[in-house]
Amino acid sequence: MTTRINYTNELQRLYDAVQQMGLSIEASIDQTWKALQKRDVKAAQAIIEGDDAIDQMERNIEQSCLDLVLTQTPVAGDWRRISSIMRMISDLERIADHCSDISEHVIQLAQREPVDLPAPMEKMFCLMKSMVKSTVAAFVDLNEEQAKSVIAQDDLQDDYFLQVVDQLCEEMQKHPEQVRQRVDQVMIAKYLERMSDHSTNLAEWVLYIVNGQLVNS
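Per my numbering: the sequence shown = residues 224 to 440.
Hints may contain errors.
[Claimed, not checked] Computed beta-carbon distance windows for the label pairs:
(1) A342 / D364: 42 to 48 Å
(2) N232 / R335: 51 to 57 Å
(3) D278 / R236: 17 to 23 Å
(4) R236 / Q268: 29 to 35 Å
(5) D278 / E368: 31 to 37 Å
(6) A276 / S372: 27 to 33 Å
(7) N232 / E336: 55 to 61 Å
Derived by calculation from the structure, the hints in this document are not laboratory data.
Just so we're clear, the structure is a prediction, and the values are computed from it rather than from any experiment.
Quick reminder that beta carbons are idealized off the backbone N, C-alpha and C, glycines included.
Required output: the full structure, derived from the provided sequences and hints.
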């Protein structure tokens, strides 16, 4: 009985660690948006430097998963949770990486003549942030409906991305002197779209934990 209690406690600590990783990434997303709006080089550099801490979280959680598998005998449901978590932390880490990628472009934008962000980009950022936050909450609560809601929003993000690209193409035609800045903005939009894709992946793994069915995305 004691062994099982210890195992349950370790599994809960694993869940808590994933939740903390998710919350750290949500904070990084907020900081990235502020850095982009203000073209804040110092803030962008801090985000890039902070990525190492997220990487370490991923390694720690991965090691905890392996320790549980090697030292315990997970039942089918727990094995599904552990294997899903190992996939989920990879998607979370990629979201953090893209915060750093965007920050690199913020630094480049800060060195050039200021140009306005395309209007749909704020919608992209807000939607992506909402998707990440919802997937973390869905994981904590094992909420199937919330996970499905995140997956359903991915098409909307794709639409926003196309709107951003169309607007930026128009701006580059009208103002060729702004091409370098607009290319940076295209890259930022692409990273936002990818971050939403990773959120969708996370939601699909939550569904797998809950009902054991892999979603074909």
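Status of each hint after checking the structure:
Distance hint check for A342 and D364: the Cβ-Cβ separation is about 34 Å, which falls outside the suggested range of 42 to 48 Å. In this structure the hint that N232 and R335 lie 51 to 57 Å apart at CB holds, the actual value being about 53 Å. Distance hint check for D278 and R236: the Cβ-Cβ separation is about 20 Å, which falls inside the suggested range of 17 to 23 Å. Distance hint check for R236 and Q268: the Cβ-Cβ separation is about 33 Å, which falls inside the suggested range of 29 to 35 Å.
With their beta carbons about 32 Å apart, D278 and E368 fall inside the hinted range of 31 to 37 Å. Taking the beta carbon of each, A276 and S372 are about 30 Å apart, inside 27 to 33 Å as hinted. Our hint of 55 to 61 Å for N232 and E336 holds, since their Cβ atoms are close to 57 Å apart.
The earlier numbered hint that this structure contradicts is number 1, and it is the only one.
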